[in-house]
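Enquirer: Sequence:
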Amino acid sequence: MVGSSPASLNMFKPEKTTDKTKNYVLMVESAKAFMEGETDMIALLANLSALIKLYVDDLNWAGFYILKGDELVLGPFQGLPACTRIPLGKGVCGSAAIEGKTIIVKDVHEFPGHIACDAASQSELVIPFFKGGLVNGVIDLDSPTKGRFTELEAEYLGKVAELLSAFLDGS
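The numbering used here runs 29 ahead of the 1-based position in the sequence shown.
To be clear, the hints were calculated from the coordinates, so they are not data collected in a lab.
C-beta atoms are modelled at their ideal positions from N, C-alpha and C, and glycine is treated no differently.
The reader is advised that the hints may include incorrect statements.
[As the list claims (entries may be wrong)] Below, a list of computed lysine to aspartate or glutamate pairs in the EDC-like style, where the Cα atoms sit at most 16 Å apart:
#1 LYS119 x ASP87
#2 LYS160 x ASP69
#3 LYS82 x GLU139
#4 LYS160 x GLU139
#5 LYS188 x ASP69
#6 LYS61 x ASP198
#7 LYS135 x ASP87
#8 LYS175 x ASP86
#9 LYS175 x GLU58
#10 LYS61 x ASP147
#11 LYS130 x GLU180
#12 LYS175 x GLU128
#13 LYS45 x ASP87
#14 LYS175 x ASP198
#15 LYS119 x GLU100
#16 LYS82 x GLU58
#17 LYS175 x GLU191
#18 LYS49 x ASP87
#19 LYS49 x GLU180
#20 LYS130 x ASP87
[Stated by the list, open to error] Now the in silico label distances, taken between C-beta atoms and shown as ranges:
#21 ASP87 x PRO110: 16 to 22 Å
#22 ASP99 x GLU44: 28 to 34 Å
#23 HIS138 x GLU65: 26 to 32 Å
#24 GLY199 x ALA149: 35 to 41 Å
#25 GLU44 x ALA149: 37 to 43 Å
#26 ALA195 x ALA148: 34 to 40 Å
#27 ASP198 x ASP136: 16 to 22 Å
Produce the complete structure using the sequences and hints provided.
Expert: This is the structure in structure tokens:
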């Protein structure tokens, strides 16, 4: 479907249905296809952020932060300009990175230390990804709707994070 070959760039034909779960399955399958033959992490993350924004409705931001030293640094994303650097342990992203686990925030105004990069954000989902068993970064999704994210989104975005971790480990 898609690989590093320039000839394959126009071959991705997004499918989207009215079935949320089916869309998430398509997102994971598409993510897997984008990883085949790709060697550049930034190019991959750019396409993954676009896939997430395409398949997950009601988002105002979807992207990645990459761990560099003791902070998360902004990676490829879809949405308004965002915070460039987030210290470990700060905000939802920094907390997910320190804890190494997914965090669903139904109302960002109730999360102690929430970092508001976009005033429109009302809920957030952050999922870490790993390299060599250590946190390498996070997938960050923001929505303008309170309570937008559920275990369903966490499950399927978790699958994208697992694929990304395997990609980073060379598997």
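Enquirer: A separate judgement is required for each hint: does it hold in the structure or not?
Expert: Results for each hint:
no., hint, result
1, LYS119 x ASP87, "violated, 25 Å"
2, LYS160 x ASP69, "holds, 15 Å"
3, LYS82 x GLU139, "violated, 25 Å"
4, LYS160 x GLU139, "violated, 31 Å"
5, LYS188 x ASP69, "violated, 20 Å"
6, LYS61 x ASP198, "holds, 15 Å"
7, LYS135 x ASP87, "holds, 14 Å"
8, LYS175 x ASP86, "holds, 13 Å"
9, LYS175 x GLU58, "violated, 28 Å"
10, LYS61 x ASP147, "violated, 30 Å"
11, LYS130 x GLU180, "holds, 13 Å"
12, LYS175 x GLU128, "violated, 23 Å"
13, LYS45 x ASP87, "holds, 14 Å"
14, LYS175 x ASP198, "violated, 35 Å"
15, LYS119 x GLU100, "holds, 9 Å"
16, LYS82 x GLU58, "holds, 15 Å"
17, LYS175 x GLU191, "violated, 26 Å"
18, LYS49 x ASP87, "holds, 12 Å"
19, LYS49 x GLU180, "holds, 13 Å"
20, LYS130 x ASP87, "violated, 23 Å"
21, ASP87 x PRO110: 16 to 22 Å, "holds, 20 Å"
22, ASP99 x GLU44: 28 to 34 Å, "violated, 41 Å"
23, HIS138 x GLU65: 26 to 32 Å, "violated, 41 Å"
24, GLY199 x ALA149: 35 to 41 Å, "holds, 38 Å"
25, GLU44 x ALA149: 37 to 43 Å, "violated, 28 Å"
26, ALA195 x ALA148: 34 to 40 Å, "holds, 36 Å"
27, ASP198 x ASP136: 16 to 22 Å, "violated, 35 Å"
Violation of the numbered hints given earlier is confined to hints 1, 3, 4, 5, 9, 10, 12, 14, 17, 20, 22, 23, 25, 27; the remaining hints are satisfied by the structure.
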